[in-house]
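Here are the chains, one letter per residue:
Number of protein chains: 2
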Amino acid sequence: MSHPLFEKHRATLDGALSAIATRGYWSAYNEMPSPKVYGETATEDGKRAFQSHLGKKFELGQAGETGWHGGEQSPYGIDLGVQYPVSDVEALITAANKAMGPWQAIGAEGRTGVCIEMLDRLNKNSFEIAHAVMMTTGQGWMMAFQAGGPHAQDRGLESVAYAWREQSFVPQEALWEKPQGKNPPLVMKKHYQIVGRGVGVVVGCGTFPTWNTYPGLFAALATGNAVIVKPHSNAILPAAITVRYMRTVLSESGLDPNLVSLCVAPAREATKQLVTHPSVKSIDFTGSNVFGQWLIDHCRQAQVYAELAGVNNIVIDSTDAYKAMMRNLAFTLSLYSGQMCTTSQAIFVPAGGIDTDEGHKSFDDVCHDLAKAIEGFLSKPEVAHAVLGAVQSADTLKRVAEAESGVFGRVVLRSQKLDNPEFPKAIVRTPVLLACDAADEKAYMEERFGPISFVVKVADTAAAIALSERVTSTHGALTVGVYSKKQDVIDAMTAATWRSKVALSINLTGGVFVNQSAAFSDYHGTGGNPAANASYADSAFVANRFRVVQRRYHV
Amino acid sequence: MSHPLFEKHRATLDGALSAIATRGYWSAYNEMPSPKVYGETATEDGKRAFQSHLGKKFELGQAGETGWHGGEQSPYGIDLGVQYPVSDVEALITAANKAMGPWQAIGAEGRTGVCIEMLDRLNKNSFEIAHAVMMTTGQGWMMAFQAGGPHAQDRGLESVAYAWREQSFVPQEALWEKPQGKNPPLVMKKHYQIVGRGVGVVVGCGTFPTWNTYPGLFAALATGNAVIVKPHSNAILPAAITVRYMRTVLSESGLDPNLVSLCVAPAREATKQLVTHPSVKSIDFTGSNVFGQWLIDHCRQAQVYAELAGVNNIVIDSTDAYKAMMRNLAFTLSLYSGQMCTTSQAIFVPAGGIDTDEGHKSFDDVCHDLAKAIEGFLSKPEVAHAVLGAVQSADTLKRVAEAESGVFGRVVLRSQKLDNPEFPKAIVRTPVLLACDAADEKAYMEERFGPISFVVKVADTAAAIALSERVTSTHGALTVGVYSKKQDVIDAMTAATWRSKVALSINLTGGVFVNQSAAFSDYHGTGGNPAANASYADSAFVANRFRVVQRRYHV
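Going line by line, the protein sequences match chains A and B.
For the working numbering, count along the first sequence from 1 and bump the result up by 81.
For the working numbering, count along the second sequence from 1 and bump the result up by 81.
I should point out that these hints are in silico values taken from the structure, not numbers from a laboratory.
Relax, there's no trap hidden among the hints.
Put simply, identical chains are the same to the list, so a pair is met inside one copy or across any two.
List time: in silico DSS-like cross-link candidates among lysine-lysine, alpha-carbon distance up to 25 Å:
#1 Lys506 with Lys128
#2 Lys117 with Lys259
#3 Lys567 with Lys270
#4 Lys138 with Lys128
#5 Lys404 with Lys259
Excised from the complex, chain A in its bound form (with noise of 0.2 Å):
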């Protein structure tokens, strides 16, 4: 008998199911904030519920409840002003220890059924969850609703497929039946049991703290283990509101509501304590170098799935779409500030200049060019705004000044400061752009999270080609691009991208950007290179999260 969340959301696991093995366009979650969509009233109701939320406490009733602490500082400069409970980490483990037993008793079809309720929740609830990750992570609003929303719950999703697969792979229980020549045969029942491997923690990032979260969230929940997000101190609502949702679709569901938790840790030990704890097998990290190096040499109890930095870069050879070519890459560069992980850092273009459709073009007018495009681009305001947004952290902006003061290269395009005159406190930035020669690597060959990028002289096709393999292979990228009217050069490009094992996009000049990652068709990351040592989401993103215990007797 199948559980009743299994049989009401069927056709979404089907439709995911069907996504997953042919990785064409699919999505379960419209992406138009739009009221013939979602409802009417859902715009207002959505900004009215995140608004409930500023100045207050934002209660979880979680287990071990020792204080509150908040301290979230807006990009937009709004005042937020929530306070989350602290628990006692010791408390949220055997909280969640607990609650694994009944989750891994409703099966796999309840596990599955269960998520996607959770995810539909999330669905309905995606304004109130896009004015949280824009009010936090200084998101445009469309982003903050697109990938804030309906994409990140489409990348949880793709997670609850690939672990439905999986698990549904295992039988349940065999009859085996081994012939013995004239004698009967050996005959045994076997039963086959799924188990999660132990409690998954689940490290937010401070840019995209539900898209980057929901992979692993789901990954490690939908396998049968409990799951508690330790969300980035600077994005913790999006987090609060995720979680409470999720707690709330288990409670209506007689589970343990504890099964989810939210860990806010004003002290970097409470974080450390969490993430050795021998409870903990899975941990999903989403950030920096340095903690996440850090959570892989110190947690070896648990599974470390990791996104960390990476040098994201292009190969400009030749393109028959100059124009269309330095829209598309302005776009890239300007999205959010250039505080995506896909965001391309280094352009390597031929000391010889480039064949276009408007003729030969010298480096210098790759560089003159491709600043003017971003400023045309953002020249008009609401634009700007739209797609800069603001800028999350005082790092990047220091980033920013370090890039301006020429000790990188040569300022191509200076960063402007903007006014948003709806948010007048925004910290607003648009892109620098840097050139500078192959052989400054201290300067290109390193993340310099934020608007800042470098287009890199190169001595030729061929030499930006393995450049482009070396930086992926040694630091790292979730992304590589491509232009060329030569099929000899993308296949060379396609070939160096097999060796260092990073997605390749080739000749955009359309509505399709190189930092832009679809669920279900996409992989994000491929787990091959230093940016990130697993994939959203394949089969080894889920089948690692769970054990079968077997048990056999004679019949």
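Following the hints, complete the assembly by docking chain B onto the known chain A.
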């Protein structure tokens, strides 16, 4: 267009795929060493093929050969005298890396077909391999044939089936067509390339040089990686024969034979150089905790799949088939002189004794009757030699002597030294059985590899189940068993094994033994307790051995 070997072996693959989905009884390779199955001359041909290696140089034609090395000592006391090529580690790796390009290019179908052709070739030469296994490990003939030949081949095929299933889920290409309201859709063509993570190293053990090697070997190979086999210093021949047949199949298929190579390393430094090499991305290991933990700690560039030591255990609560239980246990403790990673070491018996179909039996009765059962089972020399085989290592002999000294507990049954008329120099020992108290944890709570087992006195059944769970969780186990007439005891033991993540055998009294693990049905290891961090073979065993690299462009 399919690869011809994929077409040739499609039926075998389909059988294996169906078997891993249902996990009932299935086998691709016949376990009976019968002329009717393997051909009238197979027995003699295999023996001659084995003998033709003795005292000779075993030519492999590998990269970077610098000299020769041998020195295997047969537990049966015969002279082996085979010399194997020693290759420069860097040369082996360079050649392996080179061979991976074409191996990637033939795709998952081609790799799957070639791997099954290899298994088919190994199967046809099962007698040769069986003699090599028997004479290097000390296994009895029937076990050497079955576990060393068809059962190992079945485990290899099981890995290939899992690897194929996971790879076949990755579509080669997709058309991504995203609606844009009234505007034309965004359309992209995407390609997904499966890329092996890098060179795999498989470190063999001295007791099961094929059964414990084939799963990792074929899992790594089928998913697009080159493999270097590093055999145990005393069980090189079975690995060398295996590698030679695999290289032959590669050459016949127009592929580079250096995709699979043998690394015979007289100096420990060469092994360390091999396993820590940056090109090595996976290591499959079976053996001691010391070296296994060293690999996990030092080979951080690689995914390490490790099967280590454990303390397999059995809880006896009650039985309605006392004699059959004793016979079953006697066989388990005797088989291959307990030199199996699945042999039971600790048997937990309540201090108050047990209820049986022959009346109540005290703790001492159980000790005494188990000793009698072992003696009785091994009373006929031809049975004893067939079952016991010979002792593989001097360390095992030392452990037997230490156990007999009484330092670990009361000696219930002394080990006997038997003379094997066929092999006068063979070292043969019957099991030693000790009795001790649950409090004597230092005695029984550490793996004592070989024919050494403990009957451990515990307060009651509940304490026995709790002790079994604790031993398994802290020291690891591949197998546990329970004997009980009471469903609540079996349920409690079942729940304990879910927590400690270990396979449970219930009331084995017939022709199946707790130390047996059948391919395609039994998961060998769960990967959830210290005895092994992975299971043969499941999705988790293969899914993380390859990466998906995508490219996309507008159409």
